[in-house]
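*Asks:* For the record, the sequence lines run as chains A and B.
No gaps in the numbering here: position 35 of the first sequence is 35 in the working numbering, and each next residue is one more.
No gaps in the numbering here: position 28 of the second sequence is 271 in the working numbering, and each next residue is one more.
In short, the hints are calculated from the structure, not lab data.
Just so you know, even glycine gets a beta-carbon here, dropped at the ideal spot from N, CA and C.
Hints should not be assumed to be uniformly reliable.
Computed beta-carbon distance windows for the label pairs [to be verified]:
no., chain 1, residue 1, chain 2, residue 2, range
1, B, D453, A, D38, 21 to 29 Å
2, B, D453, A, K227, 47 to 55 Å
3, A, G204, B, E456, 42 to 50 Å
4, A, E63, B, E399, 12 to 20 Å
5, B, P319, A, G188, 51 to 59 Å
6, A, T234, B, E341, 28 to 36 Å
7, A, T79, B, E341, 19 to 27 Å
8, A, G229, B, P436, 49 to 57 Å
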Amino acid sequence: MSLFDEPDDVDVTGWAGLYALDALEGDDLIRFEAALVDNDELRIEVAEFRATAAELSVASAEEPPPHLRANVLDAVASTRQHSPVVDMAARRGARLGGVRSSWMAAAAALIVVAGVFGYIVRGDGGTTTSSEVAALLAQPDARLVPLTGSDGRSAQVVVSPSKQRLVVVSDQLGAVPDDKAYALWAIGDQGPVLAGLFRPGTDGRVESQVDVDLSGAQQLGVTVEPKGGSDQPTTPILVSGAV
Amino acid sequence: MSRRLRMSHMDQLRSHDGDVLDLRQRLRGVPALAADTSPDALLVAIARGDREAFTLFYDQVIGRVYGVVRSVVRDPAQSEEVAQDVMLELWRVAPRYEPAMGKATTWTLTIAHRRAVDRVRSAQASRERDTRHVEMSPVEPAPDAAASVEIQLDRERVHRALAELTPSQRESVELAYFGGHSHSEVAALLGLPLGTVKTRIRDGLIRLRDRLEVTA
Chain A
1 MSLFDEPDDV DVTGWAGLYA LDALEGDDLI RFEAALVDND ELRIEVAEFR
51 ATAAELSVAS AEEPPPHLRA NVLDAVASTR QHSPVVDMAA RRGARLGGVR
101 SSWMAAAAAL IVVAGVFGYI VRGDGGTTTS SEVAALLAQP DARLVPLTGS
151 DGRSAQVVVS PSKQRLVVVS DQLGAVPDDK AYALWAIGDQ GPVLAGLFRP
201 GTDGRVESQV DVDLSGAQQL GVTVEPKGGS DQPTTPILVS GAV
Chain B
244 MSRRLRMSHM DQLRSHDGDV LDLRQRLRGV PALAADTSPD ALLVAIARGD
294 REAFTLFYDQ VIGRVYGVVR SVVRDPAQSE EVAQDVMLEL WRVAPRYEPA
344 MGKATTWTLT IAHRRAVDRV RSAQASRERD TRHVEMSPVE PAPDAAASVE
394 IQLDRERVHR ALAELTPSQR ESVELAYFGG HSHSEVAALL GLPLGTVKTR
444 IRDGLIRLRD RLEVTA
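Starting from the given sequences, assemble the full structure and let the hints guide the process.
*Replies:* Below is the structure:
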């Protein structure tokens, strides 16, 4: 049973509470996140319900074992923060269409990420999904920039100028040596500027996002660079596309 | 949420950069409950790699993080693991936090609840084989003897708000949030149709939201 069989917003909105309490699973979760893409009212309701749920946690507050604090602080001291690029291993491929309508529909299929908002969905083959990427897709100005290469490889970039953020998705770029990384270049009148570095996950998929201002960029391109990055591309561009 | 600062621990941490020193100076120059030790302000500092800010943030949220994880996961050792993952995750992704994702504490508790639910749902198959761990009733959190008056007042406020729900609204919300049960599990546990559970959870949250005067 799914209430999504009825297309009107009232029914979809009815799921915000379940979503905020992490009670949606499987197809329902995917469909709800797809509905979030272009429904501001729904997103506001989710945000309010999440804040409400967070308040409930006051009722179950409990002192943790005292050693947890030292363990966490020790771990933090040796953990690098995810900035500016975050690699997110995806569990399953996605093909994005070339037009907004199709990739919005594909938002449900753009099953992303064991990242911060990663959510393991049981019962449909172990897919993973991310509200974070859904949130980017939900930006009114979000658009798809397909990157293609002469050898037929491709990658997709979802760009939101207002959020100054983009997500790279590809399952065709292949592995890179440990001392290398893929570099995404924003190419404008001033030449290429390094937008971010990324590596495929263990499954060969790329799902990476970076905060970047693309206002001067006309093209995006990907090269292989040393893992610390380069000032300029040092290898041929593998895939590229017009912003 | 009360702000429990453990200033003594701050000095045990080495500072890394100007931001840390700046925060330390500001903290020393102002009363302990100054505005810039609010979770939202601390998260901004954490995003810049400020470990002292993280420590303060940890002390402010860990009771709620651990509590919600434990109410869902139950097993103390696993709860501890999940709580540690949550706090580490927070540290890692803080640079990507933005206010549109909600207040710092909301964001934190959202991550905590998700992680807890992920843990129990991925462990569900094995857990179901082990009847000792099957928990089918909402958690009634144990009173925390060490809790400050402020926390107790907050807790009272939440309990009062919950008490104003209809019994089935309250059960549905509690099974989903404190129990970490899915929509279909809540429906099965209460013997209600999915649509009814959906409505009760939504109505319950609306009432709680208004009663607790929550803003996103």
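*Asks:* Next, verify each hint and record whether it holds.
*Replies:* Each hint tested on the structure:
Look at D453/B against D38/A: about 27 Å separates their beta carbons, and that is inside 21 to 29 Å. Roughly 51 Å separates the CB atoms of D453/B and K227/A, a value that falls within the hinted 47 to 55 Å. For the pair G204/A and E456/B, the supplied restraint of 42 to 50 Å holds, since their beta-carbon distance comes to about 48 Å. As the Cβ distance of E63/A to E399/B is approximately 18 Å, the hint placing it in 12 to 20 Å holds.
At roughly 55 Å, the beta carbons of P319/B and G188/A sit within the given window of 51 to 59 Å. Distance hint for T234/A and E341/B: a CB-CB separation of about 33 Å, consistent with the stated range 28 to 36 Å. Our hint of 19 to 27 Å for T79/A and E341/B holds, since their Cβ atoms are close to 21 Å apart. The given range of 49 to 57 Å is respected by G229/A and P436/B, whose C-beta atoms sit roughly 55 Å from each other.
This entry satisfies every hint, going by the numbered hints stated previously.
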